[in-house]
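Trainee: Sequence:
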Amino acid sequence: MVSLLGPGDANLRTLEDGLDAELHVRGSQVTLSGPTQAVTRAADVLYELIAIIRTGQGLTPETIERVLHMAEEPEVSASEVLTQDIISSRGKTVRPKTLNQKRYVDAIDRHTVVFGIGPAGTGKTYLAMAKAVQALQNKEVSRIILTRPAIEAGEKLGFLPGTLTDKIDPYLRPLYDALRDMVDADSVPKLLTSGVVEVAPLAYMRGRTLNDAFIILDEAQNTSMEQMKMFL
Numbered sequence: 005m006v007s008l009l010g011p012g013d014a015n016l017r018t019l020e021d022g023l024d025a026e027l028h029v030r031g032s033q034v035t036l037s038g039p040t041q042a043v044t045r046a047a048d049v050l051y052e053l054i055a056i057i058r059t060g061q062g063l064t065p066e067t068i069e070r071v072l073h074m075a076e077e078p079e080v081s082a083s084e085v086l087t088q089d090i091i092s093s094r095g096k097t098v099r100p101k102t103l104n105q106k107r108y109v110d111a112i113d114r115h116t117v118v119f120g121i122g123p124a125g126t127g128k129t130y131l132a133m134a135k136a137v138q139a140l141q142n143k144e145v146s147r148i149i150l151t152r153p154a155i156e157a158g159e160k161l162g163f164l165p166g167t168l169t170d171k172i173d174p175y176l177r178p179l180y181d182a183l184r185d186m187v188d189a190d191s192v193p194k195l196l197t198s199g200v201v202e203v204a205p206l207a208y209m210r211g212r213t214l215n216d217a218f219i220i221l222d223e224a225q226n227t228s229m230e231q232m233k234m235f236l
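Residue numbering for the sequence shown follows the numbering used here, starting at 5 and increasing by one per position.
Simulated from the structure, these hints should not be mistaken for lab results.
The structure displayed is predicted, hence computed values, not measured ones.
No incorrect hints appear here.
Below, in silico cross-link-like pairs of lysine to aspartate or glutamate (EDC-like), each with a Cα-Cα straight-line distance of 16 angstroms or less: (1) K101 to D89; (2) K143 to D113; (3) K106 to E77; (4) K101 to E77.
Pairwise CB distance ranges, derived in the manner of DEER restraints: (5) E26 to N142: 44 to 54 angstroms; (6) D13 to S92: 26 to 36 angstroms; (7) L214 to A14: 42 to 52 angstroms; (8) T44 to E230: 47 to 57 angstroms.
Glycine included, each C-beta is placed from N, C-alpha and C at the ideal position.
Whenever a hint applies, use it, and build me the whole structure from the sequences.
Mentor: Structure, rendered in structure tokens:
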């Protein structure tokens, strides 16, 4: 019950704010009252939260907000969405946090080519990277190729100072950051040196043969038609 209610009943307050039914807690029992439809929805939400707790995952007000939001989608189980582990590294587990993220992850599992479209910060690259690392760990692929067009704010690669690495690093930094968040920091240089993980601008992918690889093209909206055809 403590896991459900949260420290200082923080989770209970979040539930009360998000539900039209009234919740009454006595000991280890929760009683619901209110209109029938509101009580039914509240019961469904509580069952989903209990299912999440039984997997060993803790509840936070943020998790409850997500369950409340997904309760509006009758065809989906919030507990299935929020407990779908992709990879675990250094005590951190990567999993979908929204219904659309789960649909995106499931699409990657089902299809050879997936287009991820959405606002910045919605986890498109991060989740794709997690699936790539998962596929590598499961020996479904032998290497990961991370690429993106080396164009930002109308600049061209040749205008930047320094060596090739100095030129392309600013564009590829988001991919490095996501990789380091999922793989042990000491392993990243070894993976890059051995070619198991390769990070390069799209311009240098022309003519490459990329068999048995999980390939992520980030910022694909910045590619030209010719580059997109070459990548596909």
